[in-house]
Amino acid sequence: MLALCLLPATPAAFAIDAVPAYVPNDDAVVLERAAVSSPQLRALREARSRAEAAPKNATVAIAYARQAIELGRQQADPRYYGNAEAALAPWDADPAPPLEIAWLRAVLHQQRHDFDGARAELDAVLKREPGYPPALLTRAVIHFVQGRPHDMQRDCAALIGMASTVIIGSCGAAAASVLGHVETALSTLAQLNTAPDPRLAFDQRSWALTLEAEIDARMERNDAARAAFDRARQATAAAGDHDPYLQVTEADFLLDRHEPATVVERLRDETRNDNALLRLTQAEAQLPDAASQASAKAHIDMLGERFAATRARGEATHGREEARYTLALRHDPQAAVKLAQANWLVQREPLDARILLECAVAAHDPDAAKPVLAWMADTRIEDPRLHRLAAQLKAGTP
Amino acid sequence: MSRIARLLCAFALSLFASTAFAHSSSSSYLQLQTHGGDIEGRWDIALRDLDAAIGLDTDGNDALTWGEVRQAQTRIDQYALAHLVLGSANVRCPLQVTALRIAEHADGRYAALDLAGACPQAVKTLSIDYSLLFDLDRQHRGLLTLQIDGALFTTVLGPQTGTVSFGGDATQSSWQVFKTYFHEGLWHVWTGLDHMLFLAGLFLPAVLWRTRAGWQVAPSLRGAVWQTAGIVTAFTLAHATTLSLAALGWVHWPSRWVESAVAATVAFAGFNNLVPMVHRRLAAIAAVFGLIHGSAIASALIDLGLPVSGRVWALAAFNFGVEAAQLSLVATVIPLTFVFRRSVLYRRCILLPGSAIVTTIGVLWFIQRAFLVPILPF
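In order, the protein sequence lines correspond to chains A and B. In case it helps, this note's numbering puts the first sequence at residues 1 to 398. In case it helps, this note's numbering puts the second sequence at residues 1 to 378.
Not the full set, but computed from the structure, chain B residues with beta-carbon under 7 Å of chain A: (1) S25; (2) L47; (3) A63; (4) W66; (5) G67; (6) R138; (7) L143.
Hint data in this document are derived by calculation from the structure and do not stem from the laboratory. A virtual CB, placed ideally from N, CA and C, is assigned to each residue, including glycine.
This is chain A alone, in the form it adopts within the complex (with noise of 0.2 Å):
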């Protein structure tokens, strides 16, 4: 009762966090830009009605999932994964729906980061059709992500004489980074970057040459990453796509060689996206005029505010990303440790065990990298930057 006392008994006590409404006073104001273009935006809205027209007609559904998912993947915005999930919801009740509808509903559980969901609508589909190559590239994929290479690779062997050469060598090689066969996986992809098939359409090519770059980061072959991000982005620009997986990829790889000033011009508008947010308060954190520091200050009040939004609707997708707000941003190495704890229980890619080892020294916790350190030895990962950080840990230096 005291404590009441103590605090302004206001009735806002009660009243809940409000956003102040306000009444722009021009009619000209503009409130929101539309990130994708009329075009684009259209193509998808005539997709729509016709998949409405027809509401229990496979193929017209597939065709708006489809794009929908396309367009979600370019923006790296979830909302169109949302409207690929409407257009699929005719098949909901139904667990034996059309095969690609299965796959589709698969796909869609692995963007929400609900591979355990998304593993189980794939096993259901190679029972019904085993060898069915999207199920199986699928499951490879969150495999890869839930940090299972020795299962990555059996589903990739598994679709030899079903795809195409890149596809299944850029499976492989993913999988081989990772098992501590990097040079088998850098040759096999450089085999498959420098002489490309030209009949080979771009979006076939895009994971073998983002890879490529990955890996070489990874490594640290600075040199070598930083051709594969050129061509990588050359390649992507040519094709007049848009990659937000790769600009994020490259940021990370301009801050660890310290070149801010970069990431803050390549990301400076990509504000939309959460993960470039991320990256370009990062830069902006580094540079030291005082413009970047304003501006880094609040984008990270913006980041906040976007993961408390994601926590409201309780879901937990940004937890590699709050783990590394956390750390980097918020100063606060006690809670990043237990986002990142709670981030490898869903998702054990390099970068996942990084960030838990980067926590853990930080916050002088070797305990929490005992998962991260028996992945290690199980998968044999070379690693550079992954070793030096365990030898930190067992070193117990600050």
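Model the placement of chain B on the given structure of chain A, informed by the hints.
Leaving out everything else, chain B in the frame of chain A:
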């Protein structure tokens, strides 16, 4: 083969881009309050969601202006109200939008619709059927905060939620909140070793203290208990202040310095029994130290999370729990030590060594926390 290849193509990247979730998902914020039969509230819906649902960008230039939003006001109102049905006692409660403004959230601008409605009778339970945007975006969620005559409810409304009802036993949610946070406060003190050691250091001289003239015993149990309770209450008031300030997010105490300061108070409390520094005005000292301990507990409370609404109530409950735990310690320790206060055994084997141990632990903790050097396993 080529069909399968095409199937695989566009999805290769989306498949392995596990962090593809970069933008925010679609959420709307619905706040409702009932007083008697009247309903009022506000509903914030993202402008881009409204544009996707009903089309706001009439000139098709990929930019939404305030003018375009104003022109679409009637359609926005109709669309929103068509997807929110409120009812009480099986009767629908008609709802209107009384104003349309703009609100700026972290992920963009929202239309802020002021809502007003009336149910035929006073609302005991409110049923909500929320269906906004689900036909377009299955990942859309309505974040509801509802207050029925002072009882607070929050929930996430999704496509699977259907019609939900709130209320009934309106006092229940406040009582649940109270019980939970009271328990947390209680538990936090009982399991907080540094807190307990500090209090123990503080209580011990209540029955037997050292002055320059020698050892003095407390003349009466009631006096000892009363004095100790006074110290503890001063401590609680002070730490309730800093705890509340920090837990509500109004102040942020850097944890390293706070934890080190707590360790210092533990050392002081122990040392004070060995080398008498203060015996008078222990309540004032306790108050100062309480300010420090409060900031330390705040991080635990922040970890636990205060409920979205009713934070003050939860905070009060937590503080009550803390005080209850402390008073329980007083009630146990003081009578026991009072009985033995005259015995030399108590002085030699419990008070002095105990205080020495408390002091040592406090000093070691201080070094550990201030310089981030792991020494003690606890």
